[in-house]
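Student: Here is how the chains run, residue by residue.
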Amino acid sequence: SQQGEEDPQALSIQEGENATMNCSYKTSINNLQWYRQNSGRGLVHLILIRSNEREKHSGRLRVTLDTSKKSSSLLITASRAADTASYFCAVSTDKLIFGTGTRLQVFP
Amino acid sequence: EPEVTQTPSHQVTQMGQEVILRCVPISNHLYFYWYRQILGQKVEFLVSFYNNEISEKSEIFDDQFSVERPDGSNFTLKIRSTKLEDSAMYFCASSADLSGNTIYFGEGSWLTVV
Chain A
1 SQQGEEDPQA
11 LSIQEGENAT
21 MNCSYKTSIN
31 NLQWYRQNSG
41 RGLVHLILIR
51 SNEREKHSGR
61 LRVTLDTSKK
71 SSSLLITASR
81 AADTASYFCA
91 VSTDKLIFGT
101 GTRLQVFP
Chain B
1 EPEVTQTPSH
11 QVTQMGQEVI
21 LRCVPISNHL
31 YFYWYRQILG
41 QKVEFLVSFY
51 NNEISEKSEI
61 FDDQFSVERP
71 DGSNFTLKIR
81 STKLEDSAMY
91 FCASSADLSG
101 NTIYFGEGSW
111 LTVV
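The listed protein sequences correspond, in order, to chains A and B.
Going letter by letter, the first sequence gives residues 1 to 108 in this note's numbering.
Going letter by letter, the second sequence gives residues 1 to 114 in this note's numbering.
Please keep in mind that the hints were generated in silico from the structure rather than gathered at the bench.
Don't be surprised by glycine CBs; every beta carbon is placed ideally from N, CA and C.
It is possible that some hints are incorrect.
Partial chain B-side listing against chain A, Cβ under 10 Å, derived [stated by the list, open to error]:
1. TYR35
2. PHE65
3. ILE103
4. TRP110
5. VAL114
Isolated chain B (complex conformation) (with noise of 0.2 Å):
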């Protein structure tokens, strides 16, 4: 069956550094996702992107954050000065289309600010 794969599993970084998460979607998907979920806590909502711009955005996702679709198969987020409370795992998924389909997970990248 074919997976979203997200790049580091983990990762620890200090305060005020950047960090990319990198992520594959799934490779005839045209929608991708960032979710993020501090760690006893609900899955967030980031970003939406489709046709190489972000549809939509929450609150949670400031300046200090971008995504990017480089080539044709990574999708990235981009934290360009971690703070403490950026410590989650981050979730990217992706879909084929908006309305009907099955949003597929990866497996999440764990990212620790100290």
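Isolated chain A (complex conformation) (with noise of 0.2 Å):
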């Protein structure tokens, strides 16, 4: 299987607090996405790391992406009570494999 798995499956913190997210894989992959999503709706892309990049960031995002161990991190700054989601990787050959996902709580 080429899934992603995410650890850890649930992860609580406060406002202003950083939250990292982590993802493994087993094989090559064209990019590695990961998606947020708040509860009962639909997927919200927030950012696409090639497999030749190693680290990417986007406002409050920073990803990296290790092909030799097959990881990924999502690393969220200065959290925020908005930020309570979930948060799946998905690492993309033809398609996207999505992995179990990380269930952020972000308390103010």
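Since each chain comes alone in its own frame, lean on the hints to assemble the complex.
Tutor: Given below as structure tokens:
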């Protein structure tokens, strides 16, 4: 299976703290994408990192990719209560395969 | 920002009934997908579609499922005879190409089979 697996499964932090979520996968990929999902809602694309990239930033998001370890991390800095959601990594070959997700709870 | 739109947002259907979920992908995209997410579980790939034919399908996408692009804009998922276990959120997605670009998802259609 080439699926992404995330850890932790759940993460609770206070506003202002940083949140780090990790993703591991098993096969070669074209790119890796991170998505956010609010409860019962759609998947919102956050960031895409290509297989030849090691780090990418977008606002308060920082994504790293280590293809030798087949792992990626998503860092949300200075978290806000509105960041509360589930976060999924998805590895891309000719389709996206999603991980199990990390449920992030940010307390005000 | 262009978006993928899906209808209906929520549908309740009797077991054994046929359901059609509709999607309008982003207009210049060429690759289309359906995914599903059973409540509390992860997002699962169902099928990909390109050039008016199925590119790939998962084990979930059995004979009761079909997809169609009836015109230049709509992309539909049909479930011929729904089962209780088909209850899930169904997401449509599209992308400009296969390997390098973002795949954009719709808000989903929540299907409840009773």
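Student: Can we keep the TYR35 (chain B) interface hint, with Cβ of chain A closer than 10 Å?
Tutor: This interface hint holds because 8 Å falls under the 10 Å limit.
Student: How about PHE65 (chain B): closest beta carbon in chain A under 10 Å, or not?
Tutor: Interface hint status for PHE65 (chain B): violated (16 Å vs cutoff 10 Å).
Student: Using Cβ atoms only, decide whether ILE103 (chain B) comes closer than 10 Å to chain A, and label the hint accordingly.
Tutor: holds (5 Å)
Student: Could you check if TRP110 (chain B) really has its C-beta closer than 10 Å to a C-beta on chain A?
Tutor: holds (8 Å)
Student: Any CB of chain A closer than 10 Å to the CB of VAL114 (chain B)?
Tutor: violated (18 Å)
Checked against the numbered hints given earlier, this structure breaks hints 2, 5; the rest are met.
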